[in-house]
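Residue-level listing of the chains:
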Amino acid sequence: MGGTPLPEGIKLIDEKGLRMDGRRPDELRPLKIEAGVLKRADGSAYLEWGDNKVLAAVYGPRECHPRHMQDPTRALVQCNYNMASFSVDDRKRPGPDRRSQEISKIISEALTHVVFTEYFPRASVDVYIEVLQASAGTRCAGLTAASVALADAGIPMRDLIASCAAGKIDDVVVLDLMKEEDNFGSADIPIGYVPRTDEIVLLQMDGDLTADEFKKGLGMAVDACKRIHEVQRDALKRRYAVDDAAPKGPSPALDGTKEVQ
Amino acid sequence: MSKDVVAYMKKDYIEKLLAKGERVDGRRFDEMRPLSVEKGYVGSAEGSARVTLGNTSVLVGIKMIMGQPFSDTPNKGVLTTNAELIPLANEDFESGPPGRKAIEVARVVDRGIREGQAVDLEKLCIVPEKEVWIMFVDIHALDYDGNLFDAANIGAVAALKSGTVPMKRAGKGEDYPIPLMHEPISVTAVKIGKHILVDPTYEEERVADARLTIATNEAGRLCAMQKGGEGSFVVDEVLQLVENSKRLGAEIRSRI
Amino acid sequence: MRENDSKENPREIVVPGDLLAESGMKAGPGAFSEGGRIYAGQMGIKSVRQNMVGVVPLAGQYIPVRGDQVIGKIVDLGASNWLVDIRSPYPSPLHVNEVPWRVEFGETSRFMTVGDMVSLKVVGVDELMKVQLSMKENGLRKLAGGMVLEIAPSKVPRVIGRDGSMIQILKNATGCRIYVGQNGRIWIDGDLESIQRTVEAISLIEAEAHNTGLTEKIKHLLDRNSNKGA
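Protein chains in written order, with the numbering used here: chain A, 1 to 261; chain B, 1001 to 1256; chain C, 2001 to 2230.
By construction, these hints were calculated from the structure, which means they are not laboratory data.
As the structure is a prediction and not an experimental result, all values here were calculated from the model.
A couple of the hints might just be wrong.
As the list claims (entries may be wrong) - Chain B stretches covered by chain A per the calculated footprint, using a threshold of three residues with CB under 8 Å from any CB of chain A:
hint	segment
1	1090-1101
2	1137-1150
Unchecked claim - Below, simulated DSS-like cross-link-like pairs (lysine-lysine); rule was C-alpha separation at most 30 Å, straight line:
hint	chain 1	residue 1	chain 2	residue 2
3	C	2217	A	237
4	A	105	A	179
5	C	2026	A	237
Where a beta carbon is used, it is the ideal one built from N, C-alpha and C, also for glycine.
Next up, chain A with everything else stripped away, as it sits in the complex (with noise of 0.2 Å):
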C-alpha cells in the first residue's frame, strides 16, 4: 500500500468520479478465463483480469510430500503462489518471498474451506499460481484461477470461490484496484468469497479506512464476487462446450497478437 503522495497533478479519480482508466468506483477491470489450459496438469485456468496473467495449475490429490506433512483423516491443499521474474517492471527475483508465502499460506486456507478433504486422508492437493504479468490484485486473480483449475481436475469441492478487492483512493471507496491506484490509494481490501453460503474464506485489509467506508467497500467487493463467480462457472462450462465444428483443445493464447505457424 502506497498513501505516498501522487506525483503533480495526477488525480485517481475525476470531478466526473471517473478513475485513470475511464472506470466508475464500482467497476471490474475487465475478465477473460479459460479453464483446461495445460496438457500435464489435472487441472488448470489461465485468467486475463486487466493487465494481470495468471495461470494456475493443480496435480492431485496424490501422496503428500513432504511426508511429515500428511494428515491421516484428510489431504492438505497446499497452495504455491509465485511471480515470474518478468511479471514485474523491476525483475523480481526468483523464489519464494515472504510476500509469496503468506500469499501461499491464506490461498491454501481458502481453498481448503471448500475442498471435501475428508474423501482423500494422507493425500495433498498440489495447487500452483504463476503470474505472468502482474497489475495489482493478483493474489485476488490467482484465487479466482486456482478455484477454476480445482474444478478442472475434479477435485471433490462445495464451491467455487471468487476473489476481489475493494480500495480507497482520493477518499473514494471503489473496486478492484489497477496498479497506480494501488500504489497511490489509501487502502486495499482483498477478498475470497462463496456466493452460494455468503461465506467470506479470504479478507485482507491494509491502510487506513472508517468502519463505514469499509462496509462500503466490502459489500463492493461481494457484489463484485457474485460477478466473478459467473465468469469462473462459464469458463468451465465452456470447457465441455459440444461443439464439433470447433477445433479440440485449449487455445493456445488469448490475446490478439498470435501469429500461430
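Keeping the supplied structure of chain A fixed, place chains B and C upon it in accordance with the hints.
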C-alpha cells in the same frame, strides 16, 4: 484431467514402432512438432515470447537493469540466463531452487546465445567501465512434454528479437530495440536404441539413452553443442545431426 | 452405465456448488446435500435416476472402490508383499497371501518385480483410504507382453460402453485382447499394427467422451484404418 491420452508405454513398445520406422505420434524421425511463437506475450518484460512446440509450452521473458560491467569486459553489457522448471509444468518437477536439469537448460541456451553472439553486448554499454545494461533471460516452463532446450532457445531468440532496451524508464535517453546480431537456433535429438529422433516428446526422452543439442546460426556456423544422458553417439550420427540442425534451424528461424 | 439420457437430451454440465434439486431428492455420487437441497460436488454431467440426482465427473483421480478391477504397477518389493501403484493417491500393498502362488518369505522378487503390470481386484478400502488388493480371483494375473495405456479414470465408462458395447466394437475391429481397469489403465495385446489402431481409437474416445455421436465416430475411424492396410 486436461491431458489427452497420456500413454504409459514400455520402452519396448516405442522401440517396436521405431523398428517399423514409426514414432508414437506419427512423425518422421527428423520432423519437429508443430511450432507456434507469440512475441510480446508479457507487457511487463522488456522482451518476451511464448513458444509451444507440440504440447510443450515455454514462456521466456527478458528483463534489463543497469549495473556494473565485468572488469575484463568494461564496454560490454552482461547477459545472464535462468530457467525455472516450475512444478506447474509437469508432475516430475519439484519446487525449490533450480536443480541440475534447469541449470543445464539455462546454460545450454545461454551458450547458444552467447557464443552465437546473438546480442551485440557493446551496444548495451551506457558509460564504459561504469554502467552497462544487465540482461536477464528468464525461461519459464509452463507445460512440459519434452525438449525444453529447443523450446527455450526459440523463445529466447524470439524475445530478444522483439525486445526493447528501456532507456527511457532509466532516464538515459530513448528506447531502442535490443541489438540482435545473430539468431542461433538449437535442434535437439535423442537416441533410443540405434534410432535417432528429433524433437523428443516427454515419453521419448524418458526412454532415451542419450541426447544431443546442436545450435547453429543463420550462416550455418556451429555455436554450441551439448550431449546429455548416459548413452553414446557414434561420429557419423553426430555429423548427420549437425546437418539436420542446420537445415531445421533455418526452417525454424524463418518462422520467428 | 451412465447413459441414462437419450441422444436428444443435451447433457447438462454442472460445476461445484450448482443447485441440482430443491427438495425431495437424494444425493447420488458426485453430489452433496445441504439444508435439504442437493448440489453438485464435482464438475461433470448432471445425472438423474429415479429419486437420486448426482454428477458424472468429467475429470478426477481414481478413487478406489471395493469390487473394482484395476491394473496395477509394481513399484517396490517387501519381504512378504509388493507395493502397487494403482493410480490412486497412494501406493497399496499386495500381500503374499493374496496371490495364487506360494511365496516364501523374502522370495517376492521371484514372482513379480518392479515395473510389472498386474490385474488385481480391490477387496477393501478403509476410512483412511488404505486399500487391500488381491490377485486371487479367476482371470487376475501378471500382464505380460502387449502394452498398457493410461487414460483419465472418468473416461473409463465410455471406453467400456453400455453393457460393454464399445469395448466389443474395439475388440472386433482390431482383434486385440483388451482389458480395461477401472483405474484408467488399459492393457492391449495383439500385433503391433492392431495395437496402434486400438490406441488411436481409445485416444479418440478419451478426447470426445463428453460428446454425442461417439460410437459412430469410432466405427468410422476403425473402418478407415482397416481399409488402409488392405
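(message) Can you confirm whether the C-alpha distance between residue 105 of chain A and residue 179 of chain A stays at or below 30 Å?
(response) Holds, at about 23 Å.
(message) At least three residues with a C-beta closer than 8 Å to a C-beta of chain A: is that true for the segment 1090-1101 of chain B?
(response) Since three or more residues must qualify, the claim that chain A covers the segment 1090-1101 of chain B holds, with 5 doing so at under 8 Å.
(message) Can you confirm whether chain A covers the segment 1137-1150 of chain B, using C-beta to C-beta distances below 8 Å and requiring at least three such residues?
(response) With 6 residues closer than 8 Å to chain A, the segment 1137-1150 of chain B meets the three-residue bar; holds.
(message) Against the 30 Å threshold, does the CA-CA distance of residue 2026 of chain C and residue 237 of chain A hold or violate the hint?
(response) 24 Å, holds
(message) residue 2217 of chain C and residue 237 of chain A were given as a pair; does the straight-line alpha-carbon distance stay at or below 30 Å?
(response) 23 Å, holds
Going down the numbered hints, you'll see the structure goes against none, and every one checks out.
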